[in-house]
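Kindly generate the complete structure, drawing on both the sequences and the hints.
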Amino acid sequence: MSGIWKACPPGKEQKHELQATAVRLVGEADPEVSYACELLFLGMKYNGNLGQTYPIQKKYHSPDFLRQIPHLRLRTPFQSLLARFRSECIYQLGQTFRSHPHGHFVQVQPPLITSSDCEGAGETFTVVPQSTSPTSDKDADHFFRSPKYLTVSSQLHLEAYAAELGNVWTLSPTFRAEKSDTPRHLSEFYMLEAEVNFANDVDTLTDLVEYLIRDLTRRVHDTPVGQEILSAKRSGESGSDSAESGEGLRKRWDALLSESAWPRVTYTRVIEMLEDAVANRGASFTFPPVWSDGLQLEHEKYIVDHLFSGVPVFVTDYPKKVKPFYMAPSEASAGSDPDKPTVACFDLLLPEISEVVGGSLREHRLPELIQNMREHGLIKKTPLNNLAENATTETAAAEPKYPSLLPGEDLGHLQWYADLRRWGGAPHGGFGLGFDRLIGYLTGVVSLRDVVPFPRYFGRADC
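Using UniProt numbering, the letters of the sequence shown correspond one by one to residues 1 to 463.
If you are wondering where the hints come from, they were derived from the structure by calculation, not from laboratory data. All values derive from a computational prediction rather than experimental measurement. Heads up, a few of these hints could be off.
Here are the simulated DSS-like cross-link-like pairs (lysine-lysine), alpha carbons at most 25 Å apart as the crow flies [unchecked claim]:
(1) K401 - K381
(2) K6 - K58
(3) K320 - K340
(4) K321 - K381
(5) K179 - K148
(6) K381 - K320
(7) K321 - K301
(8) K321 - K179
(9) K148 - K323
(10) K59 - K15
(11) K12 - K58
(12) K251 - K323
(13) K320 - K301
(14) K320 - K380
(15) K301 - K251
(16) K380 - K401
(17) K12 - K59
(18) K15 - K58
(19) K148 - K381
(20) K340 - K323
(21) K179 - K323
(22) K323 - K381
Structure below.
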């Protein structure tokens with residue numbers, strides 16, 4: 001379409017408009033629409049309902065409606081803007097990791113098909129060929145000789161990369177078979193993960209996360225698409241189910257760009273503060289805060305919004321029993337209650353959306369790692385009488401095959417992970433950042449189902 005670009009008369013919403021003088025059809029849409037355009041261009045009257053078959057009209061469409069047509073909702077202005085903003089963030093991430101003041105990070109591509117669930121939650125998708133019977137348990141019937149899963153985290157493989165390359169990072173798909181029907185959860189999402197060699201304390205990791213988010217926000221803020229997000233229309237726009245006005249979003253960005261360090265507080269101290277809030281400040285929770293139970297979403301929101309006045313906050317040193325096997329013990333455990341051991345880990349809580357980053361120091365000592373695996377039930381055990389029957393001598397039956405294992409124990413599919421310690425390892429740590437949650441936070445979009453162009457969640461995987 002070509003024509004004359006002219007200023008609009010007073011009273012119109014837009015400042016300029018194109019007065020068309022020529023229209024050239026380069027791609028046919030609905031035949032009825034094409035026919036109508038031809039008639040109108042020839043100055044003839046069209047009596048039908050122009051464009052009646054196209055689902056997206058010049059009116060407000062709710063996010064729920066647009067989720068039913070994800071292949072078309074990208075054509076709405078706000079969804080198109082989100083896609084361009086995501087692209088800019090990914091580009092700027094690379095620049096941030098390349099220019100980190102404490103060393104260059106190498107971007108790597110870990111596998112998506114794995115043999116383990118590093119989170120230990122069992123919420124995995126199993127990978128099998130279409131022709132494989134879902135009830136078959138024999139190794140011979142498995143495409144990979146044993147069960148394999150879509151990754152729930154790239155952390156374990158990143159540790160293998162970091163052992164040689166030093167500091168590494170990746171932005172890759174992650175899969176969780178959680179039956180969670182909430183706007184905070186997806187079955188397929190992108191996770192930004194990093195591993196840092198020679199990290200000796202949690203502060204090294206929290207400082208990196210704070211730098212990363214601040215530097216990324218600063219870089220994107222200075223781009224045209226960043227300014228477009230901050231000034232985008234927030235009411236009446238199809239698909240823009242936003243929790244923030246333009247002014248509110250600017251305040252959110254300004255808080256991230258502030259030079260004030262984000263507070264750090266231990267999990268034990270947070271529980272004490274929550275208990276005090278219940279006892280003396282009238283706070284009420286569906287799940288009472290209990291040290292051994294971890295934090296619920298309602299606790300996290302109260303911590304950020306009320307205890308720390310709406311600024312990002314790091315919560316560190318969680319109970320060992322609520323965290324995965326690979327985490328190293330924390331300094332907070334030294335001299336504390338031996339019945340309440342903690343691990344050197346952290347979660348970053350952001351206002352309104354709560355937890356967006358989780359990380360820890362990794363247990364780099366082989367005996368301690370194997371003991372953790374033993375306590376989490378990750379080591380297979382074979383009865384000693386069975387070993388004796390299959391062994392050529394009693395000595396062979398009683399002797400463990402791997403350092404720090406007891407007779408009859410087997411590391412199974414996690415032996416490769418233990419090997420990273422067996423043949424030389426150093427203190428290290430890392431973290432995972434929910435990339436889609438961060439995008440939602442920076443754009444003010446409430447539901448991850450609207451942040452991701454083609455969302456997959458419990459009960460839905462359209463297109």
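Hints violated by the structure (listed by number, smallest first): Result: hint 12 breaks, nothing else.
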